[in-house]
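Please put together the full structure from these sequences, using the hints given.
Next come the chains, spelled out residue by residue.
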Amino acid sequence: DAGITQSPRHKVTETGTPVTLRCHQTENHRYMYWYRQDPGHGLRLIHYSYGVKDTDKGEVSDGYSVSRSKTEDFLLTLESATSSQTSVYFCAITGTVNTEAFFGQGTRLTVV
Amino acid sequence: KNEVEQSPQNLTAQEGEFITINCSYSVGISALHWLQQHPGGGIVSLFMLSSGKKKHGRLIATINIQEKHSSLHITASHPRDSAVYICAVVSGGGADGLTFGKGTHLIIQP
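In the order they appear, the protein sequences are chains A and B.
Reminder that position 53 of the first sequence reads as 54 in my numbering, one-by-one numbering, no gaps.
Reminder that position 56 of the second sequence reads as 152 in my numbering, one-by-one numbering, no gaps.
These aren't lab readings, by the way, just hints derived from the structure by calculation.
One or more hints might be untrue.
Restraint ranges, calculated between C-beta atoms of paired labels, are given here [claimed, not checked]:
#1 Y51(A) - L145(B): 17 to 27 Å
#2 S8(A) - K150(B): 12 to 22 Å
#3 E101(A) - S103(B): 40 to 50 Å
#4 S178(B) - T21(A): 32 to 42 Å
When the alpha-carbon atoms are kept at most 20 Å apart in a straight line, the in silico EDC-like pairs for lysine to aspartate or glutamate are as follows [unchecked claim]:
#5 K149(B) - E101(A)
#6 K198(B) - D39(A)
#7 K58(A) - E113(B)
#8 K198(B) - E60(A)
#9 K97(B) - D63(A)
#10 K58(A) - E163(B)
#11 K54(A) - E28(A)
#12 K97(B) - E60(A)
#13 K150(B) - E101(A)
#14 K151(B) - E28(A)
#15 K97(B) - E28(A)
#16 K54(A) - D192(B)
In this text the structure is predicted, and so the values were computed from the model without any measurement.
Ideal placement from N, C-alpha and C gives every residue a C-beta, glycine not left out.
Written as structure tokens, this is what we have:
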């Protein structure tokens, strides 16, 4: 299995609080992605990174920010959590754009 | 934006049956992934292909670039194959990640 871990695996938080999810990889892959998975929508891209300090927005980036200060870590921050951000969040990595993708185990986030 | 459609959305079959899941997309791609997700579980890559056909055990994936269509076949299906199967495509330069279908929920009954 590819070395990719997400933390925490589960979190319940209150509306308006900031939340940070962490994705850690040991594969030295260049590309890292944050997706959210919702019933009826499938997986959608939030933000991605193509190198240290190089990030860009995805399809559903409003309300989220990211940082990548080291190759191995990609952080997703919900600046002020809302109930619409209740979802399952997946991190993914690839070495190059046309190679196999590896996914973390997911983080189930509930905003109450 | 690439639109990825999967069919069927739900499929229930008996153990041993031959299963086909279809994926079509609207814009040319550089690669297509088939992924598997068990209930409450993570997402596992089954295949990545850009042309032709790949086989791994009882799973076969094919792609027709001209018709913008791919199929995932499961031979001699088994209850442990019960999962959600997701098609995802790499468009353009590909650095901006995958575009996903909504998945096919497969149940194999003993």
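>> Check the hint pairing K58(A) with E113(B) against an upper bound of 20 Å on the C-alpha distance.
In response: 43 Å, violated
> Is it true that the C-beta distance of E101(A) to S103(B) lies inside 40 to 50 Å, as the hint says?
Replying inline: 25 Å, violated
>> Hinted pair, alpha-carbon criterion (20 Å max): K151(B), E28(A). Please report holds or violated.
In response: With Cα atoms ~26 Å apart, K151(B) and E28(A) exceed 20 Å; violated.
> When you take the CB atoms of S8(A) and K150(B), is the distance between them in 12 to 22 Å?
Replying inline: 33 Å, violated
> Would you say the C-beta atoms of Y51(A) and L145(B) sit inside 17 to 27 Å of each other?
Replying inline: 23 Å, holds
> Is it true that the CA of K149(B) sits at most 20 Å from the CA of E101(A)?
Replying inline: Holds - the C-alpha atoms of E101(A) and K149(B) are around 16 Å apart, at most 20 Å.
>> For a C-alpha distance cap of 20 Å, please report whether K150(B) and E101(A) respect it.
In response: Given that 20 Å is the threshold and the Cα spacing comes to 14 Å, the pair holds.
>> Need the status of pair K198(B), E60(A): alpha-carbon distance at most 20 Å?
In response: 15 Å, holds
>> K58(A) and E163(B) were given as a pair; does the straight-line alpha-carbon distance stay at or below 20 Å?
In response: 30 Å, violated
>> Just to be careful, I want the Cα atoms of K97(B) and E28(A) compared with a cutoff of 20 Å; is the pair within it?
In response: 30 Å, violated
> Going straight from one Cα to the other, do K54(A) and D192(B) come out at no more than 20 Å?
Replying inline: 15 Å, holds
>> Tell me if the straight-line CA distance from K97(B) to E60(A) falls inside 20 Å.
In response: The hint holds at about 10 Å.
Violation of the numbered hints given earlier is confined to hints 2, 3, 7, 10, 14, 15; the remaining hints are satisfied by the structure.
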